[in-house]
Structure formats: C-alpha cells, structure tokens
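The chain contents come next:
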Amino acid sequence: MSRANARIPVKMHRNVTLIRTSEPVIAEELLARKSLSRLILARLSDTVLLVKPDEADGAVEELRKMGHTPRIAR
Amino acid sequence: MASTPSPAAGPPAPRPASPFADDADPRFVFRTLLGRLPLATLRLVAQARGHESEAARAPTLAGELTDLLDDPLGSREARRELSDADRAALGLFGLTEARSWPLAGLRLALAMLGVDADATLAGLARRGLLAVEIPPDREATDMAALVVSDADGELEVWAHPALTQGGRLPIAAAAPEVAGTVSRARESDGLEPVIRLAALWQRAGAGPLRRTQQGVLYKRDRERIEEGGLLAAPVDDALAELPDLPSLWMGLARRVGLLAVDRSDDSLRAAPAEFWAENALHLPQMLASAWLGLRSWDERGEPSPESPPTSDPPSACLRPAVLLRLAALDPEAWTTIDALFQSLNADAPGWDRLGAPDEAATGGRRARGGARKGQGHARAAQILERIVLGGAYALGLVRAGEEEGTRRRAVQLTPLGRYVLATGPPPPPRPSFDQFLFVQPNLEVIAYRQGLTPPIVGLLSRFAWWSRIGAAVELKLTQESVALGLESGMTAADIQEVLARHGQRALPGSVKDAVDRWAGRREQVTFHPAATLVEFSSREDRDRALESWMAEASTRRPFLAVADRYILAEDAQDVPTARISTTAARDYRLPPDRCVAVEDDGVTLTLEPSRSDLLAEAELGSFADEDRATAGRGGRRRFIVTSASLDRALDAGLTPAAMADWFRRRTGQELSPAIRLMLRSTTDLDPRPDPWPARRLLVLAAPSAETLDGVIQHPDTRDLLGERLGPTTVVVPESGVEVLRQRLARFGIAFTLP
Numbered sequence: 001m002s003r004a005n006a007r008i009p010v011k012m013h014r015n016v017t018l019i020r021t022s023e024p025v026i027a028e029e030l031l032a033r034k035s036l037s038r039l040i041l042a043r044l045s046d047t048v049l050l051v052k053p054d055e056a057d058g059a060v061e062e063l064r065k066m067g068h069t070p071r072i073a074r
Numbered sequence: 001m002a003s004t005p006s007p008a009a010g011p012p013a014p015r016p017a018s019p020f021a022d023d024a025d026p027r028f029v030f031r032t033l034l035g036r037l038p039l040a041t042l043r044l045v046a047q048a049r050g051h052e053s054e055a056a057r058a059p060t061l062a063g064e065l066t067d068l069l070d071d072p073l074g075s076r077e078a079r080r081e082l083s084d085a086d087r088a089a090l091g092l093f094g095l096t097e098a099r100s101w102p103l104a105g106l107r108l109a110l111a112m113l114g115v116d117a118d119a120t121l122a123g124l125a126r127r128g129l130l131a132v133e134i135p136p137d138r139e140a141t142d143m144a145a146l147v148v149s150d151a152d153g154e155l156e157v158w159a160h161p162a163l164t165q166g167g168r169l170p171i172a173a174a175a176p177e178v179a180g181t182v183s184r185a186r187e188s189d190g191l192e193p194v195i196r197l198a199a200l201w202q203r204a205g206a207g208p209l210r211r212t213q214q215g216v217l218y219k220r221d222r223e224r225i226e227e228g229g230l231l232a233a234p235v236d237d238a239l240a241e242l243p244d245l246p247s248l249w250m251g252l253a254r255r256v257g258l259l260a261v262d263r264s265d266d267s268l269r270a271a272p273a274e275f276w277a278e279n280a281l282h283l284p285q286m287l288a289s290a291w292l293g294l295r296s297w298d299e300r301g302e303p304s305p306e307s308p309p310t311s312d313p314p315s316a317c318l319r320p321a322v323l324l325r326l327a328a329l330d331p332e333a334w335t336t337i338d339a340l341f342q343s344l345n346a347d348a349p350g351w352d353r354l355g356a357p358d359e360a361a362t363g364g365r366r367a368r369g370g371a372r373k374g375q376g377h378a379r380a381a382q383i384l385e386r387i388v389l390g391g392a393y394a395l396g397l398v399r400a401g402e403e404e405g406t407r408r409r410a411v412q413l414t415p416l417g418r419y420v421l422a423t424g425p426p427p428p429p430r431p432s433f434d435q436f437l438f439v440q441p442n443l444e445v446i447a448y449r450q451g452l453t454p455p456i457v458g459l460l461s462r463f464a465w466w467s468r469i470g471a472a473v474e475l476k477l478t479q480e481s482v483a484l485g486l487e488s489g490m491t492a493a494d495i496q497e498v499l500a501r502h503g504q505r506a507l508p509g510s511v512k513d514a515v516d517r518w519a520g521r522r523e524q525v526t527f528h529p530a531a532t533l534v535e536f537s538s539r540e541d542r543d544r545a546l547e548s549w550m551a552e553a554s555t556r557r558p559f560l561a562v563a564d565r566y567i568l569a570e571d572a573q574d575v576p577t578a579r580i581s582t583t584a585a586r587d588y589r590l591p592p593d594r595c596v597a598v599e600d601d602g603v604t605l606t607l608e609p610s611r612s613d614l615l616a617e618a619e620l621g622s623f624a625d626e627d628r629a630t631a632g633r634g635g636r637r638r639f640i641v642t643s644a645s646l647d648r649a650l651d652a653g654l655t656p657a658a659m660a661d662w663f664r665r666r667t668g669q670e671l672s673p674a675i676r677l678m679l680r681s682t683t684d685l686d687p688r689p690d691p692w693p694a695r696r697l698l699v700l701a702a703p704s705a706e707t708l709d710g711v712i713q714h715p716d717t718r719d720l721l722g723e724r725l726g727p728t729t730v731v732v733p734e735s736g737v738e739v740l741r742q743r744l745a746r747f748g749i750a751f752t753l754p
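Line by line, the protein sequences give chains P and Y.
Residue 63 in the numbering used here is what sits at position 63 of the first sequence, and the numbering runs on without skipping anything.
Residue 479 in the numbering used here is what sits at position 479 of the second sequence, and the numbering runs on without skipping anything.
Rather than coming from a laboratory, the hints here were simulated on the basis of the structure.
Quick reminder that beta carbons are idealized off the backbone N, C-alpha and C, glycines included.
Please note that a few of the clues may not be correct.
[Claimed, not checked] Label pairs and their computed distance ranges (CB to CB):
1. P693(Y) <-> V25(P): 54 to 64 Å
2. M66(P) <-> R224(Y): 15 to 25 Å
3. K34(P) <-> E670(Y): 26 to 36 Å
4. V25(P) <-> A658(Y): 26 to 36 Å
5. V25(P) <-> D513(Y): 17 to 27 Å
6. D571(Y) <-> V25(P): 25 to 35 Å
7. K34(P) <-> T729(Y): 55 to 65 Å
8. H377(Y) <-> M66(P): 58 to 68 Å
9. Q504(Y) <-> K34(P): 45 to 55 Å
[Claimed, not checked] Computed list of lysine-lysine pairs in BS3-like fashion (alpha-carbon distance at most 27 Å, straight line):
10. K65(P) <-> K512(Y)
11. K65(P) <-> K219(Y)
12. K65(P) <-> K476(Y)
13. K65(P) <-> K52(P)
14. K219(Y) <-> K476(Y)
15. K34(P) <-> K52(P)
16. K65(P) <-> K34(P)
17. K476(Y) <-> K512(Y)
[Said to hold, decoys possible] Far from chain P by the CB rule (all over 12 Å, computed), these chain Y residues:
18. P246
19. N279
20. P331
21. P425
22. Y448
23. S581
24. A701
25. I712
I would like the entire structure built from these sequences, with the hints used as guidance.
Rendered as structure tokens:
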C-alpha cells in the first residue's frame, strides 16, 4: 500500500467542549475573565480553549455576560 | 387528554399516578389495559366483537383484540358498527387530540352533547373499544360496570387511536336558542396566542427553562419568561379575562411542540426554528386543538392553598362540548351566552356545580346549600364566559356581538371554529399586506397587525424580540436576538431583506450597520459543545491529512488545524473514517478513565497514552511540570510534581482535597506520601508544627546477629539496651554504658567508644 493511501493512526477525542476565537487576543480576553477562566481547563492553541465537560452551559452564559454572542456549533 | 403534559409553570393537576410514560404509545397502553382484564371478561369482549380465539391467556387475547383495531380493515369494520353516540364519545378524543380522558369529564361532556353517557361508555367498554386505566393495586374487573360507577370518575379512559378520527361529530343535542338581530359583531384576528407563544419560544431559545422534580419552573426561569409582562398581560382584545396566562401559553406551547422536554435534565427547550416553516400555516388550527384538550391549565385558575381539594373534572372537558353546541347552530345564526348556558343545563342538569366547592370536601354542610348553589351558578357562568369569550374568542374560533334590544352578549362560530370542529370547510386565507413594518433607526420595529400572519410571526421571531403586544405590535432588534436568528440559519443579509421587504420605508442605515456589526461579532467566538478532535502522532501526519480531507470535504463545515497535532471537526460524522486507523478513542461525556501511573518516587506521574485524554493532560499540567527530557517507555509523557509546581496550582485555586480526589479518579490511588509531604509545607491546612526532635544515639554494633540476640535476651544486659535498629545494631542509652561494659565483660565481650 502506498504511503498516500495508508490509513493514518489517530486518537479520537469525541464530545469535547471547546471555545474557538477568531483572534488570539480574544482568547486572552476570555482567559482574563476570572469567572470564565475557572471553567476553562487548558488553552490548546492560541485560539482554542478546552472547557470543562460539565460546564458548557455555564461557559456560554459567561460568554454572553461578557457581551459575546457566540456561534454555537451544532 | 393524556397527551397534555403536566403543568410546567404551576402545581401539577391532581391525577392518579399513571404507570405509563407521557409519550407511551397509546396502542401499547390500550393493549396493556385490556390485558389486565380477567380472561372470562375478555372472552365476552371477543364474543361481542365476533372474534373467535383459542387464546388461553388474557394478554394474548388482549393482543388479538388490539391487533384487530391496528389493522386498517379491522378498524374500518369496527367504525362501521359504531352508533352516533359511540362516534361522539370516541370523536372527543380525536377532536382534542387526547389519548385519554378523565372518566367523569367524558361523561359530563357527553351529557352536554345530549348523549346517554353511561349506556354509550358501557357499550364501548363491553366491546373492548374503550379501556379504563385501573390503578395497579386494584383488581381489574368488568370495565363496563366501572365506567358507570360514580366513585371512579378520576380514572382515565383510553380509546384506540384508530377509532378516534371520525370527522364531524354527530351532535344529538338541540341547538341553543337563536338570538335576535345582532349588531356590533367583532372577532379577533387569532394572532394573540401565536405571538405570545412566539415570545415564549424566544425566551426558551435564549436558555432552557429548568424545572424542579415536581415539574415546576425554577423561580429564576419563571421570572425570565414573565419579564416585561408580555406573557402575563391580559389578552388585548379578549372579552373575558383569563387566569394565569403564562401557564396557558406554556401548556399550549408544549402541546403544539414549540417547547419540548429535554429528557437529559427534564428542562423545557425551544423547538428548532424549522418548526415555524413546517407548522406556522396550520398553527391556528393546531392551537385550537391544543386548547380544546389542554388540562394543565384551567379556566377556574390555580386553586388557593386554603381551598379544599376537589374531585371535579377539569374544565378542559367542557370546552369541546360547549363549542360543539355552538356548531349545532346554522353557520349564520347567533345565540346568546345565556341561551347557551340554559341549553347546557337542559341536557346536563347540574353541570354548573362544577364551579362550586366540593360537598365532600367541605363536610357536606347542607345548611348553606342554597348559597353555595348560587355561588356555583355564578362561577359556572364565569367558566362558560372564559371558555367562549376568553379562550375561543382569542383563538379566533368565536365571534361576538350584541343582541339588539336585550343587549345580551351573542356569539357564533367563525369559519375557523367550524373548521376545527370539522363542521365547515377550511377558512379563507387572511388578506395580506406586504408593507406593514415600521423599522426605526433606534432598532425598534412597529408591526401593524393587519400584515401579520403566523408564518410572518415565526419569521420575525427568529431575529427580533417581541416587546409589546397590543393594537400595534412592537419588536426590538438586539445583539442577542440577531445572534439567535443567525444561529437558526439566517444570514445578516436575510434579516435585512425581511425588514426591507416588509418595511414601509427604506431600511435605516443604522439598522443595517447594527445587524452587520452584530453578525461580524458573532463570528469572533464559536462554542463547540461536542466537537471531535482527531489527534495525530506528528504534525507532519496532521498536515498531510488536513490537506487531503479539505480537498474532499464539504465547505460548510471545514476541518481546522488546532495546535501541533490536532484536527477539529464540528461533527464526528465528517471525519473520513476510511482514511484513518483509530488506535484509541475517548468520549468526554463518559466518566474519566484511570490513565496516570505513579512511579516509585511518588512524584513522577506517567500518562498512559492509550487511555489518557486532553483533560488529564491539562489537569496534570496544572500541578506538575512535564519532563520532556526523559520520556517513559513507549513515548509515555512524564510529569514531575515539585514544590514549585504545587505552589502554582494552589495559587490557581487547586485545593488539597480536589487534588486527592483527582488522584483517586486518575490513578486509582491516594495521594502519594511524597506529594503529601510537599503539600504539608505549602498549605495552611497543616499549621507549622513544632520542630521535630533530633538527637545523637550511641549504637552498639555486634559482630553477628546471633551474638546480639544473646545480649538482648540475657537478663543481665537486656534492661540496659534501647531500640534494636537492625540485625546487628542496637541503641545503648548513655546512662547505662559503663554498667553494660561491666556486664558484657563477664561474657568476655568488650566494646570501644569513639
């Protein structure tokens, strides 16, 4: 089998709760908000934040309190 | 009427607990209830239906009898043999879209329609066409006898759904007395309930309505839906005031499907925006049917805590009967409320007691019976007015006028009312006016009701908040409302186009700018409640996969590179499974796995790659430092807990208790002593203890364990020794050194001191 057609070994992470921002500076802004940052477990990249699994509703509420109207990816 | 959910905004109606779920298949319920009857009774039912069977068990025979009704030919045969009275009884289930009715309510409604309720219900039960929900703790007996028993009015009666859709109900009762010439006729546009439900839908869309275990809304959510008074305000042009309007709207919204129960947490959530596109055209009819069978709200209002419990049937049972009496009139004829009241009294004498306090509950104090009767009469008249001039009028089912000369209130069914009752053709569509919106630069929108229709109400509800409902209706464009519109699939251009198409003037620039700005702002933050991250072993693998996947994927939901080794997919279905080999998978909705091993030093933690997840990595990173230089076997990532890393974690809010809990969940062990040791020095939980005592000891070292055993055992020397430290060493107290030297000399042993 050629390298191009080989199946790539991966690890799947399903049902992960994330916040993604368009700019790194917005992620900084979110992390600077104490009530939101305690719901965030890690910053996976400049623009992607990992949210605690059972805090999804709370995180959306906090985003809205900050004046954001996040797009909810269904 | 069992399809009516328990009230969401008030105490549940007093109903016997049912073993069947709210959404249980009525055919299953029907079969189960029949199966509880004794076999001998069922054989009589089969005989009455002309069904021959060799079944030896009641459930088997019940199944056969139900199968006959499930079969289209069998149900057609059964319907052909129904009398008008039978059709009226079964038709009430279909008219109200109810799977079950309370027995007392069904008897009352049939009586109001001039039907011999007892004979009809007993006949249907005898043929197995009705089934009574007998409490499980009661022995099932003859249902025909049960349905005529006064003591069992609260029991629920179920009909097989194949028998309940029969078109126009045959009405045996005479029409009420026709009114004289009527003037000042008026009718509502029927939009008030539609707009109220739209406002409720918006509020539920902004956040789920959470309920207690009793099915009551939490105070915060109740206040949220009542905010601004939009749902609690009286219906603008209703001729009779209705009680507890938020509960009415909530009940209707649930029955038509605008609100649905989320089984995961029992909260009420808004239906998807597609509901409006699929149902808005028929919403007036849907609302009318929902109202006819709504049991979670009652025209009598919520009983006060002091009022005695009542065994009366819900007033929902009166609604179809009252309207069907009006349907007995010629389409052009009017009747007065008084005449309607009298005609109901003639066929169902005593129905007006429905509004009076329950005699049994009040101890049967008959001395004041006359006063109570008068009170009940007035209350019943009020219930009738609330049904006809309140609910039915607001829904556009009834028009009202004034009888000339007497000035009595006169009513007649509208074309919509006749259509809902299956006594007339579909009503003509409302004339439409395209330009009915006045969009103001301050983002307020005034809508003239003449231009509103249920589909347009639905369309506007997707992106503008209803803020006032009256002769003119007001909406408000806000960042949140526009965001919800975008969430439902609209674009900023769609919103502006709707406003421009229906606006009387050009769309103000400030409105256009605001919508564009809010739409742009929404793209700044995306929330993924259940994303899929695909983790690759190297950045090169990830980039190669991303390139090929993007070339093949739809553009609607592109894949995104995250950090060095991940691809983000909004939906797991989008991942091309044929191109990958899944070596490990982790579902973050499941409890966390044990995926961390503690090494012997107690401070080195190793991540098990096949079972670990992003959470574990992040959690570890919060209180330990990754040791990138010495990765463990198989490329396992190692983390070292140090005092500095612990200080960092504690500063960030991690508590020793939370850390101990994490250790139990992720390692299956208690906190290691080494970490506990570090925690002692970094937390205030263990206040700084007294200094540990340290002293120098004199240790005697013997040449062999055997010799030392003798010294420790011998009575001359054993009391001069301290703690044995090892096989050949023992502590000697300073005070006894010289005595020990002398005693050992007796055995030829000497020792030296430093």
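Hints and how they fare:
P693(Y) and V25(P) have their C-beta atoms about 57 Å apart, which keeps the hinted 54 to 64 Å range intact. Roughly 19 Å separates the CB atoms of M66(P) and R224(Y), a value that falls within the hinted 15 to 25 Å. Take K34(P) and E670(Y): their Cβ atoms lie about 31 Å apart, and the range 26 to 36 Å holds. For the pair V25(P) and A658(Y), the supplied restraint of 26 to 36 Å holds, since their beta-carbon distance comes to about 31 Å.
Range check, V25(P) to D513(Y): Cβ separation about 23 Å, and the 17 to 27 Å hint holds. Checked against the hint of 25 to 35 Å, the C-beta distance between D571(Y) and V25(P) comes to roughly 28 Å, which is consistent with it. The given range of 55 to 65 Å is respected by K34(P) and T729(Y), whose C-beta atoms sit roughly 58 Å from each other. Restraint check, H377(Y) to M66(P): a C-beta distance of roughly 59 Å satisfies the suggested window 58 to 68 Å.
Take Q504(Y) and K34(P): their Cβ atoms lie about 48 Å apart, and the range 45 to 55 Å holds. The straight-line distance between the Cα atoms of K65(P) and K512(Y) is roughly 24 Å, inside the 27 Å bound, and the hint therefore holds. Pair hint K65(P) plus K219(Y) holds up; C-alpha atoms about 20 Å apart against a cutoff of 27 Å. With a CA separation close to 19 Å, the supplied pair K65(P) and K476(Y) stays within the 27 Å bound.
Straight-line distance between C-alpha atoms of K65(P) and K52(P) comes to about 18 Å, which keeps the hinted pair within the 27 Å bound. The hinted pair formed by K219(Y) and K476(Y) meets the criterion: a straight-line CA distance of about 25 Å does not exceed 27 Å. Between K34(P) and K52(P) the CA atoms are separated by roughly 15 Å; this keeps the pair inside 27 Å, and the hint holds. A C-alpha spacing of about 13 Å is found between K65(P) and K34(P), which places the hinted pair at or below 27 Å, so the restraint holds.
At most 27 Å may separate the alpha-carbon atoms for a hinted pair to count; K476(Y) and K512(Y) meet this at roughly 14 Å. Every beta carbon of chain P lies more than 12 Å from that of P246(Y), the smallest distance being close to 23 Å; the non-interface claim holds. With a least CB separation of 21 Å from chain P, N279(Y) remains clear of the 12 Å interface cut-off, as annotated. Annotated as non-interface, P331(Y) keeps its C-beta farther than 12 Å from every C-beta of chain P; the closest such distance is 48 Å.
With a minimum CB-CB distance of about 41 Å to chain P, P425(Y) clears the 12 Å threshold, and the non-interface call stands. No Cβ of chain P approaches the Cβ of Y448(Y) within 12 Å, the least distance being about 29 Å, so the stated non-interface status holds. With a closest Cβ-Cβ approach of about 4 Å to chain P, S581(Y) is found to fall inside the 12 Å limit, against its non-interface label. Taking the minimum C-beta to C-beta distance to chain P, about 56 Å, the non-interface status of A701(Y) holds against the 12 Å cut.
Interface exclusion of I712(Y) from chain P stands, the closest Cβ pair being 59 Å apart, more than 12 Å.
Of the numbered hints listed earlier, the single one contradicted by the structure is hint 23.
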